[in-house]
Each structure stands twice: as structure tokens, then as C-alpha cells.
Amino acid sequence: DAGITQSPRHKVTETGTPVTLRCHQTENHRYMYWYRQDPGHGLRLIHYSYGVKDTDKGEVSDGYSVSRSKTEDFLLTLESATSSQTSVYFCAIRGRNSYEQYFGPGTRLTVT
Amino acid sequence: AQTVTQSQPEMSVQEAETVTLSCTYDTSESDYYLFWYKQPPSRQMILVIRQEAYKQQNATENRFSVNFQKAAKSFSLKISDSQLGDAAMYFCAYRRGGGSEKLVFGKGTKLTVNP
Numbered sequence: 001d002a003g004i005t006q007s008p009r010h011k012v013t014e015t016g017t018p019v020t021l022r023c024h025q026t027e028n029h030r031y032m033y034w035y036r037q038d039p040g041h042g043l044r045l046i047h048y049s050y051g052v053k054d055t056d057k058g059e060v061s062d063g064y065s066v067s068r069s070k071t072e073d074f075l076l077t078l079e080s081a082t083s084s085q086t087s088v089y090f091c092a093i094r095g096r097n098s099y100e101q102y103f104g105p106g107t108r109l110t111v112t
Numbered sequence: 001a002q003t004v005t006q007s008q009p010e011m012s013v014q015e016a017e018t019v020t021l022s023c024t025y026d027t028s029e030s031d032y033y034l035f036w037y038k039q040p041p042s043r044q045m046i047l048v049i050r051q052e053a054y055k056q057q058n059a060t061e062n063r064f065s066v067n068f069q070k071a072a073k074s075f076s077l078k079i080s081d082s083q084l085g086d087a088a089m090y091f092c093a094y095r096r097g098g099g100s101e102k103l104v105f106g107k108g109t110k111l112t113v114n115p
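Residue numbers (my numbering), protein chains in the order written: chain B, 1 to 112; chain W, 1 to 115.
Simulated from the structure, these hints should not be mistaken for laboratory data.
Glycine residues also receive a C-beta, built at the ideal position from the N, C-alpha and C atoms.
Mixed in with the good hints, there may be bad ones.
[As the list claims (entries may be wrong)] From the structure, some residues in chain W lie toward chain B, with a derived Cβ separation under 8 Å:
| no. | residue |
| --- | --- |
| 1 | R50 |
| 2 | F105 |
| 3 | K107 |
| 4 | G108 |
| 5 | K110 |
[As the list claims (entries may be wrong)] Subject to a maximum C-alpha distance of 20 Å in a straight line, what follows is the list of computed SDA-like cross-link-like pairs (lysine to any residue):
| no. | chain 1 | residue 1 | chain 2 | residue 2 |
| --- | --- | --- | --- | --- |
| 6 | W | K102 | B | G58 |
| 7 | W | K107 | B | Q85 |
| 8 | W | K102 | B | D62 |
| 9 | W | K102 | B | R96 |
| 10 | B | K57 | W | K110 |
| 11 | W | K107 | B | Y31 |
| 12 | W | K102 | B | V52 |
| 13 | W | K102 | B | G63 |
| 14 | W | K110 | B | P39 |
| 15 | W | K102 | B | E79 |
| 16 | W | K102 | B | D56 |
| 17 | W | K102 | B | R30 |
| 18 | B | K57 | B | T15 |
| 19 | W | K102 | B | T110 |
| 20 | W | K102 | B | R9 |
| 21 | W | K55 | B | Y99 |
| 22 | W | K102 | B | R44 |
| 23 | W | K55 | W | F68 |
My request is simple: use the sequences and hints to build the entire structure.
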């Protein structure tokens, strides 16, 4: 447990609505990440942050935006949710060894 | 682009026996890291073991060990004395060195442990 919480843990929303997922960490980690997990694809990086207000895209960033206004919180926003964004979303932090990543408990998002 | 392949979608093992999960990866880099993650039904992703490519010695963590064959680009996970709690999805992952932030995951192997 790397002190990572995600909220909400489950969410059902309708197509076209905005959705924000929150990742919160308590150990002052600089790097934070958002991944999505889909059957047959493993986990794929959406966006990551390397500090307050510093973010960059991952491999599946289309349709997602992120924000990090303080060290402990990293927000993932779906501006207009689509059914293809139904997935399990994981937040992660970079560990003290500087190359390991530790994951939060995940958020299951269903877009109907 | 780097890819990670887990060729065994499912594996099973008897309790107390040993099982090996396979992973191969494709990269042209010399500096990289490899990981095995466990995902039980609770969905939590748990780091099991890691290997730095520059280290020749295979990593071990209690009952978990790896067979790292750099030339063959192979990174298998051996679980000894399997326990019922080892039942889970296991994911192999790769990360390029030199500041890359992306973990590249395989599609996973589902391990069943039979009593």
C-alpha cells in the first residue's frame, strides 16, 4: 500500500456526461500516473504528471484530460464520456527506487 | 515500439508445487527494467518482483524468482510452493530506462491453484 486512494471506486454514467476521477496520495510522491485496464489489452498509460501543473500524454490520451493543482491530487477528466471509455482506471505513483510504480485500488467506470 | 508478450493466457498448478509463467519482450534498448505484477480478484495491482536489465543476477522475493535471459529477451516468473492465495492474474511489464515513464504491460496470465 503506497498510500494511494481513488474515488469514486465505482461509477455508472451516461454517454456525453463529464466525469472526473480522483487520485489522492499521502506520501508526497512527485510522479503520478493514470492507466486504463481493458480485457485483452493489459494496462495502458493515459497521462502522467511529474509535478504540480506538469503533465504529459501517454499512449491512449485521446478523450482524457488531467490536472494536478497540488502534489497529493491527480485528477482524470472525461469531458464527454463515451461507451469506449468503459474500463477500470488505475492511478499509480513512482516509488522511491525511481523506476517502480505502485498502484491504487482502481475505479470501475461504466458508460451507458 | 516495445512490446511484451505473455503466451500463456491461463495456467494451473497444484498447491505446494512449482509453476513458471512466461514473458518475452521486444526492445532495442540496453537500459530497462522488468516487473511482474499480481492482480487478485480484489483488482489491486501488486508488485511482485522487479529486475534491472544491467543486473545479471536473477531477482528473488521469497517464493518468487525470475529467470532473466537478456539475450533471448525472456523474463519468466517461477512460483515455488504454490499457495491458494497465489491464484490471480499475473502481468509482466517493461519500462525503458533513461527517464521514460511508461510501463508496457503484457496481456496477463490467469493462474489457478488447485487444492
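Each hint, compared with the structure:
no.	hint	in the structure
1	R50	holds (6 Å)
2	F105	holds (3 Å)
3	K107	holds (5 Å)
4	G108	holds (6 Å)
5	K110	violated (11 Å)
6	W:K102 to B:G58	holds (7 Å)
7	W:K107 to B:Q85	holds (18 Å)
8	W:K102 to B:D62	holds (16 Å)
9	W:K102 to B:R96	holds (17 Å)
10	B:K57 to W:K110	violated (30 Å)
11	W:K107 to B:Y31	violated (24 Å)
12	W:K102 to B:V52	holds (19 Å)
13	W:K102 to B:G63	holds (19 Å)
14	W:K110 to B:P39	holds (12 Å)
15	W:K102 to B:E79	violated (24 Å)
16	W:K102 to B:D56	holds (11 Å)
17	W:K102 to B:R30	holds (15 Å)
18	B:K57 to B:T15	violated (23 Å)
19	W:K102 to B:T110	violated (25 Å)
20	W:K102 to B:R9	violated (24 Å)
21	W:K55 to B:Y99	holds (15 Å)
22	W:K102 to B:R44	holds (9 Å)
23	W:K55 to W:F68	holds (9 Å)
When each numbered hint is compared with the structure, violations occur for hints 5, 10, 11, 15, 18, 19, 20.
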